[in-house]
Amino acid sequence: MIVDSALYRNGERVDLASHPHEYHVMREGVRNPGDFVWLGLYRPSERELAEVAEAFGLHPLAVEDALKAHQRPKLERYGEMMFLVLKTLWYVDADDAVETGEINVFMGSDFVITVRHGRGSQLAPARHLLESDERRLLTQGPSSAIYAVADYVVDGYLSVISELVKDVDEVETSVFSPARTSDSERIYALKRELVEVRRAVLPLRDPIRRFATAEYGERDIDDDIRPFFRDVLDHLNQGAEAVDSLELLLSSAFDAHLARIQVQQNDDMRKISAGAAIIVVPTLVAGVYGMNFDHMPELHWRFGYAYALIVMASSVTALWWWFRRSGWL
Amino acid sequence: MIVDSALYRNGERVDLASHPHEYHVMREGVRNPGDFVWLGLYRPSERELAEVAEAFGLHPLAVEDALKAHQRPKLERYGEMMFLVLKTLWYVDADDAVETGEINVFMGSDFVITVRHGRGSQLAPARHLLESDERRLLTQGPSSAIYAVADYVVDGYLSVISELVKDVDEVETSVFSPARTSDSERIYALKRELVEVRRAVLPLRDPIRRFATAEYGERDIDDDIRPFFRDVLDHLNQGAEAVDSLELLLSSAFDAHLARIQVQQNDDMRKISAGAAIIVVPTLVAGVYGMNFDHMPELHWRFGYAYALIVMASSVTALWWWFRRSGWL
Amino acid sequence: MIVDSALYRNGERVDLASHPHEYHVMREGVRNPGDFVWLGLYRPSERELAEVAEAFGLHPLAVEDALKAHQRPKLERYGEMMFLVLKTLWYVDADDAVETGEINVFMGSDFVITVRHGRGSQLAPARHLLESDERRLLTQGPSSAIYAVADYVVDGYLSVISELVKDVDEVETSVFSPARTSDSERIYALKRELVEVRRAVLPLRDPIRRFATAEYGERDIDDDIRPFFRDVLDHLNQGAEAVDSLELLLSSAFDAHLARIQVQQNDDMRKISAGAAIIVVPTLVAGVYGMNFDHMPELHWRFGYAYALIVMASSVTALWWWFRRSGWL
Amino acid sequence: MIVDSALYRNGERVDLASHPHEYHVMREGVRNPGDFVWLGLYRPSERELAEVAEAFGLHPLAVEDALKAHQRPKLERYGEMMFLVLKTLWYVDADDAVETGEINVFMGSDFVITVRHGRGSQLAPARHLLESDERRLLTQGPSSAIYAVADYVVDGYLSVISELVKDVDEVETSVFSPARTSDSERIYALKRELVEVRRAVLPLRDPIRRFATAEYGERDIDDDIRPFFRDVLDHLNQGAEAVDSLELLLSSAFDAHLARIQVQQNDDMRKISAGAAIIVVPTLVAGVYGMNFDHMPELHWRFGYAYALIVMASSVTALWWWFRRSGWL
Amino acid sequence: MIVDSALYRNGERVDLASHPHEYHVMREGVRNPGDFVWLGLYRPSERELAEVAEAFGLHPLAVEDALKAHQRPKLERYGEMMFLVLKTLWYVDADDAVETGEINVFMGSDFVITVRHGRGSQLAPARHLLESDERRLLTQGPSSAIYAVADYVVDGYLSVISELVKDVDEVETSVFSPARTSDSERIYALKRELVEVRRAVLPLRDPIRRFATAEYGERDIDDDIRPFFRDVLDHLNQGAEAVDSLELLLSSAFDAHLARIQVQQNDDMRKISAGAAIIVVPTLVAGVYGMNFDHMPELHWRFGYAYALIVMASSVTALWWWFRRSGWL
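Chains as they are written, first to last, in numbering that gives the first Met the number 0: chain R, 0 to 328; chain Y, 0 to 328; chain V, 0 to 328; chain X, 0 to 328; chain P, 0 to 328.
Derived by calculation from the structure, the hints in this document are not laboratory data.
Any given hint could be a false lead.
Where chains are identical, the list cannot tell them apart; a pair therefore holds if satisfied intra-copy or between any two copies.
Only pairs whose alpha carbons sit at most 25 Å apart, straight line, appear in this in silico SDA-like list of lysine to any residue [what the hints assert, rightly or not]:
no.	residue 1	residue 2
1	K67	D150
2	K67	E162
3	K165	A68
4	K67	D3
5	K73	R198
6	K73	R118
7	K67	E195
8	K73	W89
Predicted model only: the values in this text are computed from it and were never measured.
With the rest of the complex left out, here is chain R (with noise of 0.2 Å):
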């Protein structure tokens, strides 16, 4: 499905009055170095792509990819044209979970075609931060595309992992609060979702990197916008370090939930055992009563029995105190 179609020329949208479908008719639009068409397909049809892949002359491997989706972020070049997978992640405030999409780019010397798989991953507000962006970054051609697109769905990386640290946050006071908690559950769907993050972070670094520096030189990439990729390289970095970060936090975490359990399991057990003296004590001066012997003068007492009832409840008191002072109850 096509989503949205531009021109831009001279750094401006272009209303053509051509159906999105006629593809030579944009492209024939572009007039200086640095216009551009810029075309958003969202889930495309095999059919579809194909067309596009022909207007544009894709690479058939590329196309492939930009179909099946479910790649790792890369940089492919395939001769003058270039191929960038990105992961998109979004935070489901829902079920507290990270879910994943994938943009595809192509870019050649006169057009972008960002191809969609995902609910959570629209690119409008990419566009339209790029449309209305002051700096008219959009005069320096396809990469100006690329790079808000590359910014957007980094600051979704960052969004998301705000949220991650948000979780952890709570796990750890979770952790160690005085209630019994069964963290180790929510720290494991916590790591996963770590590793998902991961999965998109880290392997766009090495793409980003090539837009942003020039010892890699990629063609096409003009200088003046380099500093913007270093931006976005930036925020990949901070990500990066979060999720370690937040990796080495849920660990320890997991760490101090198991000593806790520990600790925990201990005082049961002094709590139980204390529980188990103050009865048994009792029992024993029962016992004694009870024995036959003919001669115990206490059976014969007239208070006897209630002088037994109040050895057995003294006792009980006793314990009841000493184990309390020694913190066992």
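Dock chains Y, V, X and P against the given chain R, drawing on the hints supplied.
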């Protein structure tokens, strides 16, 4: 055993009237650059392989490797010839196990010889895919056959890994199920299989990278086929990343399993203690009324016995209710 | 807010009659190479920073970073200008916590602008040290100010780390003290703080290395001042090593803590069991003399009761002594 | 002690009438490039080695190393001479232990001197294999002797590793057997042996890589013999990978062992508790009928006693059955 | 404090009549390249060092470092001068602890100044070894003194490590001894000491590598002395490897210790339970014969009491035997 042997001329399979063992006849069929012979062997005997080695001028060290199998994936160059070792993996549903085989590939300017060990690693599908490929890769010469084999083998890795992903999901469900499970053996077995997968995937990356990138500049590999090797490399990287993730998840799952065992032990201990307390209290009551004091009014009550039983029963009930409420039972 | 602003000419602070906001007047005061303006800002408003940016020609991306703070340490070059981000750390005694701030430094050939965020990161001492430095570093131009800031910030890291070393020593003492301690929360908090320190220290090493070594060859950095940056780099490396050591020690301390909990649990269990045994034996004795056999000679002894009590008491004593000797009590 | 000494001329062993200690006579027998003397020493005395050093012009630091042994594997170049240190490994079946020895090799343009320490590291087989090699490697000069030694030593590593693989399999079986095993000591011992193997295998990779690859360009190593060193390097890599896998498996096996101990403890605890419950209930019944109430009808029943015993027995049976069913017994 | 100062001319120590503080007199004694002054200081005062710095033209940053000590090992070059920091280690038998000192070395073309901090790091032996060295290293100039110091210090590392190896062996024996040991504190202390050793050994490798290899090409280091630095580097690598192994073994030993605690706890629990069972059964018997049924034939038997006692005793014996057999007692 010769499994299949054919001459490819101008990208087409040519049927020769020659006997499969008349290697020189086949080689003589090569006319143009890009034509080549593809000889497929399965567990060749020493004599069989020696004949082939002589006919194609294979290096003795490579022949020795191909005969013995049990090599690690590698790419060797002996003069004009290249020798590639790949491990094959397949998943045996019956016992959730990963089995391994090995493929050795000799490549010269006008021939490819594949030597296969282990059952589940047929190359026929790879050959057929290549022969019917509409991109006419076969015209690229022997490197197209290497691509076909590598692509096929690496696809095999990915499908094995996707089975392991399912297994890890099962383990995860089992670990966090309320049932008492003994997942540690399963986790261990999966880790063991991941080790196997890792040993196939990781060392293959370097050879494929050498095929894929211009920097390494392996002679004999045509520039047009390099993107296809990059595609294979990408799948390998994807596999390697998945293995890393699975190992991390298994370790976390094991930790969670350990925590769970601890929690269950604690739960059991509390259940046991609660049970003991419930019995010990009426025992104390019985002990009290078993004392032999002369003056124990209750003993002479008409319904003293019933009263005692009621006291016991209510203490049992009260304790039961209390332990229930505090989650010990 | 402008905290301090001065012109340095020939290594001396020059007092200008101009208003601090008349930036152009200050810049015009620059006569010779090595003269420069140092403008110190604290949490500038967007408008304030925009004025400065215009006056000194700062790159919009850098300005955006300096305004938002929450960057990771980095060094960016925009044309002739350099932009350095440093994290500041300080230790709050009240709650043994590490807090973080941020300093952004813009550097051109004739100016340095420091933008500070976060309370505990005043730069006044750094400026005064530099002004009164007898090695007359100020004559080296703006890079001397960068050095002064970096040196000051990194010294701050080392003093935070030395506080953490003390904290780890305390934890260690606590873990191995005979008392029952719950160190896991403390250990977790310290690990968390180490993560914070690590995120300040590690990424700063690359920028400082670029200032320090001739290979990187940052223009604008005078050769004579390089050894001073090497000194700062050395302190950073020392800090990074210390953080590694502390993390390792904390992990080991946690392991030891876990072992200790286990040992304590075992000790408690044995103590409890010994206690139970001491009571259960006399209970058996009482049970025996509570039997109703017709012929039980002891029951008719004159001192049978006393005898039974003595038997009980001596069994208690004997068990007590025995458990003591075997270390169970 | 001189173990074997020979002159190799044109790839053939030449028997010289000279006494083995007349080193100069042997060296004079060298005619063509590729001819060389191979002197094999076993634990030479200081004087013996000094004589050899003088005759062949060995560097004093290398001689010192060869005398002391206990070096790590390395390759040193002193002027025209090369000095190689290898660790030898062998598996002692009697106590499942790995023992280590050391071989020092001096190599000049016309001689090879091997100095051996430790029992199980005879080089005679390596020499014989080389002398009878049909590929006539000996014509390649001294580097063929180095190859023969390195190949022999590395084959030794692989066979030690395959023994360790068997040991790890045994440990694995033991860990997951239903029997109560104390595998932690065995696992520790195996880890210790893997450390030993690792210290032999890993540092040798660099020297062999230098022999194997043209990039390093060790003079004296003939191009024709390089593929043979690559073969050795490949075996070393295989060994290193196997050691990694075994360490990972041992760690996982240990974890599983720990989980198993926990589970067994829990099982025991439940068994014990069930046993206690089975006895405590009839004790309560006995307590009840030991009460002294005036009106307890059961006491006067004719078969009251039998009834009580039946109640006890059936409670025991019922509890037994119930605990069995719930898996506690 | 000046510990020793001498002029070395043509590889021989020259006794000068001058007062040790007349530095210029000593320097004037230098005649040929390779002659140099070696000044040995121990904890110099600020004034002392300032005089030396002036006489030899030392860089202020290096002087500051040498005064403060507590640097990490490093090699700095200030113009023509080199500044090397080494950590010294020694083992204090009394408390099995590793202590650290520091040596700072200034080196110019005609002088070496060693500044020592910490008790156990005398350099006199290093100087004497060098003076009496028959290889006449002293003729190589100041770098021979650096070699002498580095060799001496690194030998110190190796002897500390060999003490730690013994300690780890002891811990190992203790962990696997049948006795109840509390090894976790010992293991922690050893890990802590390994951290100390690691901080001395690892950062020194880079400076020594720079002295040892031609690639780095430190001026002032004569080619003939490079192999000696390679020897030192080799010892450093050996030390680093040993530290790695020891850390791994300690971690494994700790794990085994933890497993052992668990097993002991389980053993204790079973012992306790068996003990309890042995007492609880006769208690039940006593309870039975304490019941008040009218018709209990045993009560009226002549030897009923004896019979009951025998039943109790035999139940105790039977249980004892049974628990023994099943390994619970």
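Now for the hints, and whether the structure bears them out:
no.	hint	verdict
1	K67 <-> D150	both (24 Å within a copy, 16 Å between copies)
2	K67 <-> E162	between (29 Å within a copy, 19 Å between copies)
3	K165 <-> A68	between (30 Å within a copy, 20 Å between copies)
4	K67 <-> D3	within (21 Å within a copy, 33 Å between copies)
5	K73 <-> R198	both (11 Å within a copy, 24 Å between copies)
6	K73 <-> R118	within (21 Å within a copy, 35 Å between copies)
7	K67 <-> E195	within (19 Å within a copy, 28 Å between copies)
8	K73 <-> W89	within (20 Å within a copy, 27 Å between copies)
Checked against the numbered hints given earlier, the structure satisfies every one of them.
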